[in-house]
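Q: Spelled out, the chains give:
2 protein chains.
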Amino acid sequence: MPQRITIADAARHVGESVEIPGWLYNLRKSGKIVFPILRDGTGIMQCVALKSALPEDVFEELKHLTQESSLIVRGTIRAEPRAHGGYEMDIESVEILQKVSESDPYPITPKDHGVDFLMDHRHLWLRSQRQHSIIRVRHEIIKAVRDYFDDHGFTLVDTPIFTPAACEGTTTLFEVNYFDNDKAYLTQSGQLYNEADAMAFGKVYCFGPTFRAEKSKTRRHLTEFWMVEPEMAYADLEEIKRVAEEMVIYVVGRVLEKRREDLKILERDVAKLEGVQAPFPRLSYDEAVKNLQQHGSEIQWGGDFGGGDETILTQQFDRPIMVDRFPSAIKAFYMAPDPDRPEVALGVDVLAPEGYGEIIGGGQRIHDLDLLLRRIEEHQLPREAFEWYIDLRKYGTVPHGGFGMGIERCVAWICGLEHVRETIAFPRILYRLRP
Amino acid sequence: MPQRITIADAARHVGESVEIPGWLYNLRKSGKIVFPILRDGTGIMQCVALKSALPEDVFEELKHLTQESSLIVRGTIRAEPRAHGGYEMDIESVEILQKVSESDPYPITPKDHGVDFLMDHRHLWLRSQRQHSIIRVRHEIIKAVRDYFDDHGFTLVDTPIFTPAACEGTTTLFEVNYFDNDKAYLTQSGQLYNEADAMAFGKVYCFGPTFRAEKSKTRRHLTEFWMVEPEMAYADLEEIKRVAEEMVIYVVGRVLEKRREDLKILERDVAKLEGVQAPFPRLSYDEAVKNLQQHGSEIQWGGDFGGGDETILTQQFDRPIMVDRFPSAIKAFYMAPDPDRPEVALGVDVLAPEGYGEIIGGGQRIHDLDLLLRRIEEHQLPREAFEWYIDLRKYGTVPHGGFGMGIERCVAWICGLEHVRETIAFPRILYRLRP
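As given, the protein sequences belong to chains A and B, one line each in that order.
Residues in the first sequence are numbered from 1 upward in steps of one, following our numbering.
Residues in the second sequence are numbered from 1 upward in steps of one, following our numbering.
Careful, some of the hints might be misleading.
[As the list claims (entries may be wrong)] Cross-link-like lysine-lysine pairs, in silico, BS3-like; alpha carbons within 25 Å at most:
no. : chain 1 : residue 1 : chain 2 : residue 2
1   : B       : Lys394    : A       : Lys99
2   : B       : Lys394    : A       : Lys111
3   : A       : Lys394    : B       : Lys99
No lab work stands behind these hints, which were simulated from the structure alone.
All values reported here derive from a predicted model rather than from experimental measurement.
The following block holds chain A by itself, in its conformation from the complex (with noise of 0.2 Å):
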């Protein structure tokens, strides 16, 4: 029996006669000649099967093929560097597991389909070698970010994701009937619980699905998204922005040495991700604010950007920018207040350029008990359930602080996509629960 190979590996094995099993993703045909050209998951390759070559039964079969019918092809590698990857197959034998049938054929084909066509085809849809490019770059940048925070003395602490209490309101929960009438809510951070961690560890980061029960249909949100998050006990905002800033740089730097392929089938530009270097311009909100309204957008001091107000701000630098010091009445009750200006909170967005908009929030907690008391009063939550949080105040307080990337949205903007819905294999969003 030949060995066994992948598409991937046909550089290491040229002369050799080998077998490839996979799906047939294309077929030219040339009189005497018929050019099969097979995916297996780890690329695309050319084959080339002669009518003299092969059973008269078997090149007709092979003539007639249908698309993503299943086969193993058994033949010889050849460089070939006009053919798309370097390499082709000069065909000895094929098996065929299944031939789609002609009367219910694979229903993506190369001409155009409506987005939600393709969908409703996700499963299949992610055959397709552009669905391939994001899905390897999104591992990539998991990878990248694990292998950031594994590499700099933080300890993976997985938080829950049933919880019992809101971490920033209720209106955007998902709810669960958990045992007996009690309830719990799907967790959209893990931050409180990040924070007990830092507490135990130094530096921790959790990396999970965070859940937001958003009923707006826009192109940056889903109701299932995955997130990491850092979190960090003795530190300050300005260590915080020097983590995030670095862990991106690192991140863009290695899809960049990993997955340039993947890029160039993106049609992604990748002068514009090489240019994702060191130091990040950085704007208070209060400078964030005045540049809006200088190129005509209606915020007033005091309230949130909107996702036309980050495309603005973005579109003018050629790399993330980080902007601090927002109202502290727009965020949430456990941010610190910037102990010079009460008004303002100690924490820091990232914001990727060419429009992408936020992918990193972030800064530091508030670590003085009786201010976290007060806050937990003045937005009225429910003491009891906060006790535990409350603890970590009167046990060996100290500053510390963190921030959360979401990943679809930094795949987004790696891979230079339109939209969040291609960024994951299965997306959850309004009205979309299938398949």
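Using the hints, position chain B against chain A.
A: The following block gives chain B in isolation, referenced to the frame of chain A:
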């Protein structure tokens, strides 16, 4: 200002004057010397404070400092072979951030506390050395699992948490109100989606939280637990077993290599882990049932193993065992039957030694369209919900399979823990949703 370092990094700073921020873990006194034992999340270090070296008020404050008070110590690192960790600091100055109140002291003291008390104080309990070691081993296991799959050509494809249909029955599902009276269920397994992903990418894995509304309280069950699930196109049962075995050996090896200190703190018998080598004993279900009956179990052919059965079986071997070909009737609808003996399924369970029981379950999936349709009917599943899954058998179906490994059970086994509740930072079990 002296350089800020961590305790884990002390070895590289011997003879240097540095500062370490942390918390007071313990304090010994001896006349004109106090020995504050500092923890900073990366380790524990004894410091030495001479009365003659410090201002009198600082020395007095230090002398009466309470457990878990936050402080920054500054001084010179000295190698001290007799000390825990091998290094000590001669304190030159101290900055106390918060002295924990003597009237409301840190609730977890060196004395024994009951499990309920500790679980209620999980946010603080995580600061103890034993819990540190468990979480660090968990981190290493997760990292090793991901590295294994990343290095063996698997693509990470995150599967959805919100699912419209049940993978294995609905009795243990958590239900969520989606929008406008639609219902979603929290995933119990990414497998069905993994199968779509494997047809697109060849070899894939997903790794995330999964949920089971288990109404039983056992030492092996959480309602929220993490699972890694690889899935491979063109793979048969033997290949699935090979990958499972190789991965488990790799993971155990990595923990032994990187986390030996933590295993020591946990008083784990590492000789038992060092024995986890290929080949794992392979038993058929038939053989396992005979074995159990000989050892006094009341199991009959056709029944599933209870926790007690798993204990009996695994205590006979010095390494994990693989049991395959369970009765089809007790396995999920998608399990491929053995072509030579259709009453058994091409499934495999991996049981950890020392009585830890099942850590992996998997097998080959049905890839024949007609058989799958028959099974969906026999199991009275709503066909409409499975149309997308059926598509995978219409458009280039191939033999395929994979498995799932529960992370918490794996952590419990490798750490030698009696109960899974300590394997995750904030465990969720029946009637326990807090903190």
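Q: Each hint should be assessed against the structure and marked as holding or not.
A: Hints, one by one, checked against the model:
1. For the given pair, Lys394(B) sits about 9 Å from Lys99(A) by alpha-carbon distance, which is consistent with the 25 Å threshold.
2. Straight-line distance between C-alpha atoms of Lys394(B) and Lys111(A) comes to about 21 Å, which keeps the hinted pair within the 25 Å bound.
3. For the given pair, Lys394(A) sits about 9 Å from Lys99(B) by alpha-carbon distance, which is consistent with the 25 Å threshold.
When held up to the earlier numbered hints, the structure conflicts with none and fits them all.
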